[in-house]
Structures are given as C-alpha cells and as structure tokens.
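So the sequence lines, in the order shown, correspond to chains A and B. Heads up: the first sequence begins at 1 in this note's numbering, then just goes up one per residue. Heads up: the second sequence begins at 1001 in this note's numbering, then just goes up one per residue.
If you are wondering where the hints come from, they were derived from the structure by calculation, not from laboratory data. Beta carbons are placed, not taken as given, at the ideal position from N, Cα and C, and that holds for glycine. Mixed in with the good hints, there may be bad ones.
As the list claims (entries may be wrong) - Which bits of chain A does chain B cover? Going by a derived footprint, with three or more residues having C-beta under 8 Å, they are: (1) 48 to 54; (2) 65 to 76.
Stated by the list, open to error - With a straight-line cut-off of 20 Å between C-alpha atoms, the simulated PhoX-like cross-links for lysine-lysine are: (3) A:Lys97 / A:Lys128; (4) A:Lys128 / B:Lys1192; (5) A:Lys38 / B:Lys1160; (6) B:Lys1290 / A:Lys7; (7) B:Lys1137 / B:Lys1192; (8) A:Lys97 / A:Lys38; (9) B:Lys1298 / B:Lys1221; (10) B:Lys1137 / B:Lys1115; (11) B:Lys1137 / B:Lys1298; (12) B:Lys1298 / B:Lys1453; (13) A:Lys7 / B:Lys1160; (14) B:Lys1010 / B:Lys1451.
What the hints assert, rightly or not - Pulled from the structure, derived: some chain B residues nowhere near chain A, Cβ distances all over 12 Å: (15) Gln1002; (16) Val1093; (17) Val1162; (18) Phe1194; (19) Thr1258; (20) Met1305; (21) Ile1363; (22) Val1377; (23) Gln1404; (24) Val1418; (25) Pro1456.
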Amino acid sequence: MSEFFTKNMARNIYFGGSVFFILLFLGLTFDTIRELPKRDHRENITEQVAHGKLIWEENNCIGCHSLLGEGAYFAPELGNVYKRYGNSKEAIIGFIKSRPVDGIEGRRSMPQFNLTEEELDAIAEFLKWTSEVNTENWPPNIQG
Amino acid sequence: MQYQSQAVAKPYFIAALSLFVVQIIFGLIMGMQYVMGDFLFPEIPFNVARMVHTNTLIIWILFGFMGASYFLVPEEAERELESPRLAIITFWVFLAAAGLTVIGYLSVPYSTLAKVTGNHLLPTMGREFLEQPTITKIGIVLVALSFLYNIGMTVLKGRKTVVSVVLVTGLVGLAVFFLFSFYNPENLILDKYFWWWVVHLWVEGVWELILGSILAFVLIKTTGVDREIIDKWLYVIIAMALITGIIGTGHHYFWIGTPGYWQWLGSVFGALEPIPFFLMTIFAFTMINKRRRNHPNKAVTLWAMGTAVLSFIGAGVWGFLHTLAPVNYYTHGTQITAAHGHMAFFGAYAMIVLTIISYAMPILRGRGPANSHSAQVVEMWSFWFMSVAMVFITLFLTGAGILQIWLQRFEDALPFMVVQDKISIFYWMREGAGLIFMIGLILYIISFFVKGKDAPEVVEV
Ligand code: HEM
Ligand code: HEM
Ligand SMILES: [Fe+2]
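Pulled out of the complex, with its shape left as it was, chain B reads as follows:
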C-alpha cells in the first residue's frame, strides 16, 4: 500500500462481496419460483425476492465503486485521502441503510413499509430498481455527498490524472442522475420518461466512465504501458459512450407513450452503443499485448480480460439484438430483456468490481502485489465457473425469450401463463446454471482464505 488511507477501501470491498452473496441467494429463490410457483409463498413473494436481488446488486456495485475510488484516488492524486475517518463513518451509514432496507423488505408487507416510512409525503417507492423507501433514498444522497466531498477534495488538492478526473466525473454523474428518482409525477408516462434518466443514463452513460477509468487504472498498474497511450484510449471510449448513449436512451422510448420519432433515434443511436464496449475490448487486449512488466497477479489480468469480453457480449451483442425498434416491438419486456440485463450487468459492472478487488485486496491485506499461487488458482477457477455459468444463464433465457415471443406474440397468441408453462424446461436449466454460478461464488470467497507461498515480485520486461 502506497498510502495509509487506502486501507479504508477494504471494508467497502468486504461489504460488496457479502451483499453479492445475498443477491445470488435471492436470485436462486426466484429461479425456483419461476418453475415452482408456490415456492416460499406467501412468506417471500416473488416481488420481494426480486427487490432484494436487484437492490443488493446495485448497492454492492456502489460499494465496489466507492472502494475502488478510495483505493485508486490516493495513488493517482499522490496524497492521502482527505478524511479517512469520514470514509469509515460513511461506510457504516451506508451499510446500516442498506441492511435496514433489506430487513424492511423481508419482514413486513411492502405497503406497510410504505406507510411507516411516510411514502405518501413524497412518493418515490414502488418503481423498478427504485423500490427503496424515500428515507433510504435520502440516505443514499447523503452518503454520496460525503463520498464525493472526500474523493473530490483529494483529487483537487493532489495530482490530477485523466483516470481520476474521468472517475470523478462519472461519480458526480451517478449522484446527479440519482436525483431523478425523487421525481415521480402522477402522470405515468412522464414518470417512465424520467425513470430512464436514472436507469439508462447510469448503465449506458456515466457508469461507463467509472468502468473505463477503473479498467484503465488496473491496466496501467499491471501492464506498465505508458499513461499517455492509456489516457488517449480512455478519452475515445468515454467520448463514444456519451455520443451514442445519451440519445440512445431513445431505445426505451418506443412504446411507452412517447412520440414516434424516438423509434428512429433510439434505433440508430442504440445500434451505435456497442462501439464503446467494443473499443474497451480492443483496448484491454492491446494493452496486455504491449505490456512492459509481468505482474505476478495473474488473476487480475484474467478478470480484466473477462470484463472486456463479457461486457461487450452482454451489453454490445445482446443489447444490439433488441435495440432496433422493429425487433424491440416483439422482444420488449420478455425474457430477452432479462437475458441481456444479466449478461450486461455481470460482464460490465460486477466484473469490473471483481477486477479491482482482485488487484487491491492482496495489497490491502499486506500480502504484497499478489496472492499466493494456490490462492490465485482457486480464484481463477471461480472466474471460469461464474463466467461460464452466466453465459449459460443468458443462453437459456434467450431460448425462453424466443419461444415466449413466438407463442405469445407471433403465431398462436397464447395467454402469458400458458406460455410460461410450456417453456419451463428453459427455466429449470437456468436454475441449474445458477447453481453452478453459486459454486463459483463460493470458490471465490474461499480463495480469500487460501494461504501458501508468496507469489513472486513484479518483473519489468
């Protein structure tokens, strides 16, 4: 560790991984409910499991982004963090808010939660991904402010690199767009229009800046390639992300009451949206080929390559699959969407967090630049289990989606519930792949406890 205050990243990473485990447990519960409808009913209705699954996902990714920032910003700025104490206080506040919210979801009916938290005073609840009680949302804003102050001051007072400035831009954007979660008009169409300003402008906008800068940081450290080259790539990637992604929001404005011209805009710019993800893939592989040092942490390079590839397949290829309006007319709101959502979220944002954790944790735990060889072997096995399982989850959901569209929207116009019954074999297989994913995750957690001889030092070549 170059700076003492980087140590505050560690609890953030531990919290992220704990919530990841919770997320997957609830994913498996839902996977069961898909095929055995009364599983855990009425104790844990599907919607409750879904809220826990998606909200813990978002929160653990945010914990990961924050840990990444606390770790890399001091190194980039070449100074200690503005206030490590504030970072720790913020950590506990965020963890408490997340924990209480999940307990709230699981212990009382949602409508009771809405009542006791005074949702009617400022109704923001009950919309997908934004189910948190309004007070939790306010808590998230306070956490974000404290975090941005801490990181922002560190950058302002220290060395300003492209990596840290792009990272902070992305983080500020994340906080700003979250504010739209407080706008919930009585008109459903307006509500939906601006809901996407949180969801789409996050994952296909500002989060790409965060993704790009973390990837750039890890590549600088592990390959030793000249910063000038990496900076240039980073600028091109984020330029393409925003040039395509902002108007690309239109691929959500096809059928929700918005004007017809969005079908053109959303199709054209949506079709261009894979470009930044493709560039990211080329970027990672080019830098690794040009490497000027052999870093002993082989696992982190694997994670970085995995992010570059799976984010392109999940976001780029599976996104393109349904972004053209004539296609989306049939795929909208089917299992195709779920297939894409899984691969994209995992390939891009889950994996970039796992990448920075893989890089930072050995250092934070005083193990030098890398874990022992045996620990890395377990970690790399977990990489393959999770990645391959996710590929299969995506394929099975895509199969389910194609059949669903065929039976329900094309030929026979069968009722939804009848169709779901007919395609249940795909859901069984998805659940099987999900169990493999869980094994991978368990292996991953185990890899932190594997000891063994220290790995070799960094070798410049």
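Same shape as in the complex, but just chain A:
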C-alpha cells in the first residue's frame, strides 16, 4: 500500500467503521424487535407451545432436522411439516410415536423418544405455531 495511506488512517477506518456499523446494527435490531410481533404472531405462544420448544430442545431434534432452514440436513425440514402433513397434529404425533426402537433397516432412522401424550401434543403445537410464522414465503414448496 502506498505511502500516503498511513497506518493511522487505517486504524481510524477500523475504529470509525466498527463503531458506526455496531450502532447501525443495534438500531436495526431495535427496529426488528419492534416489527416482530406482527410476523411471529406471538400471541399464540401458549404455555403448550413453549413447552413444545423445550421438548424439541431437550431431545436435540435439530441434530438431524432443520427448522426454518437452520440445523442439520440429514432429515426433512420441519418448519412446514404441519402443512406437509395436511394441517394435522395427529399425523405428526402418529409419526413420532411409531418410530421403531431399532430403526429401519438400511434407512436413515429416527429414534424412538418415548414421549408422553402430553409431550407429543406440546411438540405438535410448537411445530404448528412455527409453520404459521411469516417467513417471506420460504420454503419454495411443500417439500421444505
């Protein structure tokens, strides 16, 4: 780099640039948080939905699945599974309940989690709520 561009100038760009963009990012975060209630319909986060999220986390579903496109890529996207299963909580519950303990020969397998009826209901409610978030029309089609 040439002589007239000094180390001090470089340092000032670093300091000035960082401070400016940190502040801008905080501003945008503030605005996003204000806008979110219109998009995540949080009024529907019942105790059951919140419990479903905890069950989701405590069984590490994200370790095989993606949710709204984030997570693992080993098993189907679940952000829209409620819609893929014809808006049916029962179908989701039925699927999770019926996983064989020893897996399915030669096929990628999902564990049998032995969840209670109440836990199954909560996780299905959580997946239903997730499928209703405004995601700007993602995923491109029902297959996720």
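Given the coordinates of chain A, work out where chain B with the ligands should sit on it, guided by the hints.
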C-alpha cells in the same frame, strides 16, 4: 523459546490436535450414516455424532486460539506471562469440561443429559452448536475469564503491539458474544435472531480479528518484513471484516420470520464480506514475496499460504455463492450450506491453528526454529492430503446440493428422503474424500514423531 512461560502453550496444542482426531472420526461416522442409514443405530444416532463432530471442532479451535495466545503474547509483550500456573489450571479445567461433555453425549440419551444437568432451570441446550449442558457453558465462561485475565494483564503490563491488541480485542469479543448462548427465549424467532450473534458474529466478526493477528504474527516471524507494513495491512483487513460482517449478519435473517428489508441488507453486505478474506490472501502472498529472511521452517509458510487461499475460497467464494437472497431462497439449509461450512471452517480456522502449531511446536519442543527436513516433508504431505481432500469434500457436497435443490425445490418437488436416495453417489464420494482427509491427518500426527538432522538456521537476506 524467548520466554519460559510460553511453554504453557504446548499442552493446549496437544489437546487441540487430539480433539481434531476425535472430530474427524465422528465426521466419518456421520458420512457413513448418510449412505447407510442404520449404521451404528441406535447406539450412536446421527444427532449425537453431529454434536461430537461440531463441538469438538469448536473446542479444538478454541484450544488452538488459547495456545496461540499463550505463545505469541509473551513475545509481543516482551515479558513473561502473568501467571503460567493459572494457565495450566485453566487448561485442565477446560479439558475436563470438554471431556465430560463428550462422554455425556455418548453415554446417555440427550434428554437424560438435559435432566441431570438441570437444563429446565436455565434452558440453553438443544440448539445447533450450542448443545452443551448449561453447566458446561458456565464452565466455558469461567475458563474464558481466567484466560482473558492472564493474557490481558500480560499485554497491559508489557509492550503493546498492534498484533497483540487486535488479538485481545478478538478474544474479548469471542467471550462477550458467547454470552448470548445463555439467552434462549420461548419465542423461536427471537431465539434464532440472537443465536446468530454467537455463530455469525464469531466466524464473520471477532474470529477474523484473531485469524488476522495470528497470521500477522507468523508472517512477521517468518518473513522479517517491517512491522509497520504488516500492522497497516492488519488494520485494513479487520476494518473490512467488521464493516461488512456486522450488517452481513443479515444474510441469516432472510427467511426466519425477520422483516423483509434484511433481504437487501444481507445481500449487499454479504456480497462485500469476501473482501477481508481476499485482502488476507493478497497480504500473505505480498509479505512472503517481500521477505527479508529465509526461514528454515518451510512447512509453516505452506500452512500460512494455505490458510490465505482456502479461507478465501471457502468463506469468500463459497460464501458469496449463496449470500444473495434470491439464491439463498433455494440453497438455504441444503448441502450447499454444508459445503461452505466445511471449506470455510477448515480453510480459515482449522488451518490458522495448524499454522501457528507448525511455527510454535518445534520451538516449544526445543528443536530450534524448525523441524528436521524429513519431518517437514511428512508435514507438507499431510498439508496436501488434507487440503485436497477438503476441496473434494466441498465439491461433492456442492454437487449433492445442486441436485438436491433441483429435485426437491425446483422441478419435481420430490420428497426429501427420495431425493437423498437419488443423490447418494455424491455422499459415497464425500466419504471417500473424508478417508483421504483422515490419512492426511494421520500423516500429520506422524510428522511430530519423525526425527532426523536438524534443519538450518534462519538466514537474513
Ligand atoms: C473428513 C471428513 C469429514 C466428514 C465425512 C464430515 C462430515 C460431516 C457431516 C455428515 C456433517 C453433518 C451435515 C448435516 O447436518 O447433515 C458435518 C457437519 C459439519 N462439519 Fe464435518 N466432516 C468432515 C470433516 C470436517 C472438517 C475437517 C471440518 C472443519 C474443520 C468440519 C466442519 C463441520 C461443520 C462446521 C459442520 C456443520 C455444518 C453446518 O451446520 O452447515 N468437518 N460434517
Ligand atoms: C471463515 C469464515 C466463515 C465460516 C467459518 C463460515 C461458516 C458457516 C457455517 C458453519 C454455516 C452454517 C450455519 C448453520 O449451521 O446454519 C454458514 C452459513 C452461511 N454462510 Fe458462512 N462462514 C464464513 C464466512 C462466510 C462469508 C464470508 C459469507 C458471505 C460471503 C458467508 C455466507 C453464509 C451464508 C449466506 C450462510 C447461510 C446458509 C444457509 O442459508 O443455509 N459465510 N457459514
Ligand atoms: Fe454468516
């Protein structure tokens, strides 16, 4: 070794490499499960292997960053480390926390681990990369505090160089952003929004400061180029990293319930994010061309050039590939993401740790500035095996990703599992490339045990 206390870096590097081996073993297990779904099921379900793979990755990189700091900060500050004893205690605490956590993942179902560690008291588990039990997370914070105190005091009481100040800034940032892993609201969208403050603001923010400063240190030592020039480059690189990378977080806010304006912000700033990586490539090659000394450790120069090139390809090129919102609409959460994640993590952060280990280990082991010629030859072979294998892993995953998008999201809208079956040939090839990677890693470990005549001394030219 110029300062006795630099010796504490050695166990950190050894632990890093051991965990690297564990990481790759579990990567290969997952690679098998991708093509033979019932492999090791139900003993090691895929999600468990994945946690071990990604968490050991992060922990070994952190061990590497810490070892690098303990090695280079005394030399930069021109004084002994504040407390070598504390550094050793911290080492054992960190290793025990990491070891117990991995044993926990492998020995009991995850939900049991969540129960016995009291996850319901402060739920933080079960999110990608942040799967560790809450007590492990608290342990990591304590380790970070003790580490930052040790390094911080050494810098404050000694000579302050641009390299050490930038390094410490990056390390403080790393610790601060990790605190967001404790924020896990009931609202999934808010949870996701701030989850990226750990993940993205690490790898495309503060970690770039750490990467840049370690690279600068190694280049100063091996090329003998004037510090003034190197410092200026370092400032420009990290300036561009933060100017593009902070708002660049928006490339993760396209489809997770966040407002639509992020599609513009994330696309524009994401598209600029390759700049700091590109500058790093130019930086490394310019300094090496301008070198004023011939360092006998040829391997470290190779690693430094490898970092500069592969980080640009993995983060810069493969990042750019899917950072524009209209493209990301189709690639989001596919094998394209996995391809990019592998090349970027390996090219930038795995390789910078291997670079500093290559530079520091001969010195720490009292072998002078470099290993014997024969040891270096083995090390350089391992470089080529691992790098080329990683290029192929990336290409095969990219091929899988393109087909996956075509079949599942474009034309036929086939179900996920059907598509996975159709593209399994790419996963077989990925596993093959993974085995080559493993051979490279074994060669690398072997290179530490190769003896032979001492290499020549540093020659100023
Ligand atoms: C050598 C053989 C390797 C194999 C076979 C392998 C395989 C895998 C697999 C199957 C996954 C899970 C993908 C999914 O969620 O479906 C994964 C994730 C990951 N691996 Fe590897 N891996 C290997 C080496 C590495 C190396 C060397 C690194 C970096 C230094 C690495 C970094 C990662 C990262 C960052 C993820 C998470 C990716 C994401 O979330 O997009 N892996 N790996
Ligand atoms: C060394 C630096 C980098 C590393 C280690 C890295 C690593 C990763 C990883 C592991 C993921 C997957 C996260 C997940 O599991 O959900 C990811 C996603 C992503 N990265 Fe990077 N990255 C780096 C730099 C970049 C750069 C410079 C760009 C842009 C030019 C970029 C663009 C993206 C995008 C757009 C995604 C989201 C993919 C999706 O929608 O599924 N990355 N990165
Ligand atoms: Fe990112």
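Hints violated by the structure (numbers, ascending) = 5, 8, 11, 17, 18, 19, 23, 24
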